[in-house]
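Trainee: Make the full structure from the sequences, and use the hints.
First to last, the protein sequences are chains U and D. Numbered by the numbering used here, the letters in the first sequence go through residues 190 to 701 in order. Numbered by the numbering used here, the letters in the second sequence go through residues 12 to 219 in order.
There may be inaccurate statements among the hints.
Here are some chain U residues the structure puts well away from chain D; computed CB gaps all over 10 Å [stated by the list, open to error]:
hint, residue
1, Glu295
2, Glu443
3, Ala486
Computed, partial: chain D to chain U, Cβ under 8 Å [as the list claims (entries may be wrong)]:
hint, residue
4, Ile72
5, Arg73
6, Pro114
7, Ala135
8, Phe177
9, His178
In case anyone wonders, no lab produced these hints; they're calculated from the structure. A virtual CB, placed ideally from N, CA and C, is assigned to each residue, including glycine.
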Amino acid sequence: MSEGRPATATPAPAELRRVPGPIASGVAPAADAAARELWLAAHFPRLSLEALLPVTGDARALCVIEVNAPRRCLVACNDRAARQGIVVGMGLNTALALVPGLDLRERQPAAEAALLDRLARWALQFTPVVSIEPPQALLAEVRGSLDLCGSAVALCRRAQAGLLAGGLQAGVALAPTPRGALWLARAGIWIAAVRADAMPGLAARLPLSCLEWPADVIETLTGLGIRNVADLVRLPRDGFARRFGPALQDELDEGLGRRRQPRRRHVVPERFDERLELPVEAGSTACLAPATEQLLARLGAFLRARASGLSELRIDLLYREHPPTRVRLGLTRPNGHEGHLRELLRERLAQSRLPAAVVALRFRSGVLLPLSLRGAGLFEQGRAADPEATARLLERLRARLGEDAVFGVCPVPEHRPERAWRIAEPGGATPLPGHWPALRPARPLWMLAEPQPLAGWDGVLVTGPERIESGWWDGHDVRRDYYVALTQGGVRLWIFCERPPGQGWFLHGVFG
Amino acid sequence: MSGALEALLRHPALWRGGGFTDAPATVPTGFRRLDERLPSGGWPLSALIEILVPTAGIGEIRLLIPALRALSTARPDEPRWIAWLGPPHLPYAPALADAGLDPSRTLVIKPRAGLDLLWAMEQALRSGACAAVLGWVGAAGDQALRRLSLAAGEGQSIGFLFRPPFHRSEASPAALRLLLTARDNGLDVEILKSRGGAPARIDSLPIH
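Mentor: So this is what it looks like as structure tokens:
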């Protein structure tokens, strides 16, 4: 909605009512800036209860208590407890006196943070700008999603329904400022205020409690006869700032849209970590296929959403009693292709032996890496070497044949023939020196792993000798005379006799 | 300005017609007498070539060296691999370098079991990452060879398959079949089958 549009209050279903116009204010509202933003706030009054798993339902009166507070008090209670007279904020002793069989649970801040984090990820379906407001709320900038949902009210309803389906009690409100939306949600005024200047008009309906200011401040304000935010606005600005500090004045301005409030955006950790409990225990790797398929599909969607690939995937096969089997898939290049991962995984799982029946699977990705896009030719003629193709081939071969079965070779500047080369990573050979080929007689294309004694062979010596004497300093002394020989069968051999002569002939290479 | 244009032209959704060239379907063998007898004058690209050799080492690799050199230097910016699959001995890096083959584009694959050899060769051919795959795969049925042949076409790679000569009487889906015999300082090359060509015999082809 642009500013040119006539500013109307949102049509009100059940709890949404007409929003009155702005009240006069001395400060010019930063209307043009705020109008571009629309914040959805979701407040979870029972988050500390809902974060405690498993959800215990309403069978018993249950309360969550804050242990670290100077006075142990209740921070949340379920419906049954509320019906029996328990009120949030009540002291522990009072509550126990009211309901002797009260089930008390300790508050778990870590679990609450994790739940909020999960909710923030859920909220990413509406907008990429999601921000967590600890300890109990979530903010999301949803201006861009209004058209998607139809209207602001529909968006609120959808968010509320989604949270309810997840078993969460939530207050959802929309406002042009993040703090304003938060106030509305906390106060239980679940409306969609879409006008840029809606907040000052709503101030009269916002009780002081929704500000969540320190208790002594609230007490002082109440003592002054101030009951709601509208009363606060009427106080002289400089006097208020002097008495309660500029921070609270700023908060007030932010909430009413007189001051911009930058929000820290919630960034989803770029890792994939999911666990899947198998519906039926799997005794063989073949039975794991449906579960791996499911996790791979999730992983694929996760990677596609981020246009990323991974370079490492760790798979844990979890058992009831045994320690888990850990499988690691290493990729030479970042890859996000499910099909490729599936193929590698199949080869690797086929090799691993299960000590017991698998009860669960866990996939964990390494660091995500951005994928580079490549253009394909319209006329697939003379295909260019695809760097991905090499990586895929190497990974596939190594997954099935083992790491050692695939390698490269690299020449080494050394006179002793058996030391003039080494095994290298494919593509990892050091570049040849500029003066290659060396000024020396030809070398055979095939080299035997060990020189083999030649017994009773018939052939002729074609060229030679080439004397190689080296290595006296490192204990692998070599003193040999090499010849090229041709057998009756037409095979060209590279043979040598040790010096001093008399130890017979040895075969060292074949010219191929 | 030209930088912006370059960036635009690199966009993956853009196809340019200028890249269309008629790629040659063969690579010269490096031996004039052999080229003359082969259709289109060289080893067929994207095909399976079967080479029957009585004993390993009579010069079958030296026969391929000029072509392998040409293949590995065909695209200096993006060189493809030469894969050696289950070779009778290890390829010797200094000799490869002497012959003009880049050792850093050499891939040696040594699987343990015979079935894995066929599988690995098919993968290497199909991947498109290898310019040529030299394979010593042992026993292989008609169906396996057909798969290799298709894989070579798909990956635009040449598969050289070395087998003993007693397979001569069997039918083969290879595009080209050669029988090599050692002769003095060279090779007798008998073309048993050549797709698009005729059987022929080249006596005493000198190889270096």
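Trainee: Take the hints in turn and mark each one as holding or not.
Mentor: Each hint, compared with the structure:
1. Glu295: holds, 55 Å
2. Glu443: holds, 41 Å
3. Ala486: holds, 25 Å
4. Ile72: holds, 4 Å
5. Arg73: holds, 6 Å
6. Pro114: holds, 5 Å
7. Ala135: holds, 6 Å
8. Phe177: Violated - the Cβ of Phe177(D) stays beyond 8 Å from chain U, reaching only about 16 Å at its closest.
9. His178: violated, 19 Å
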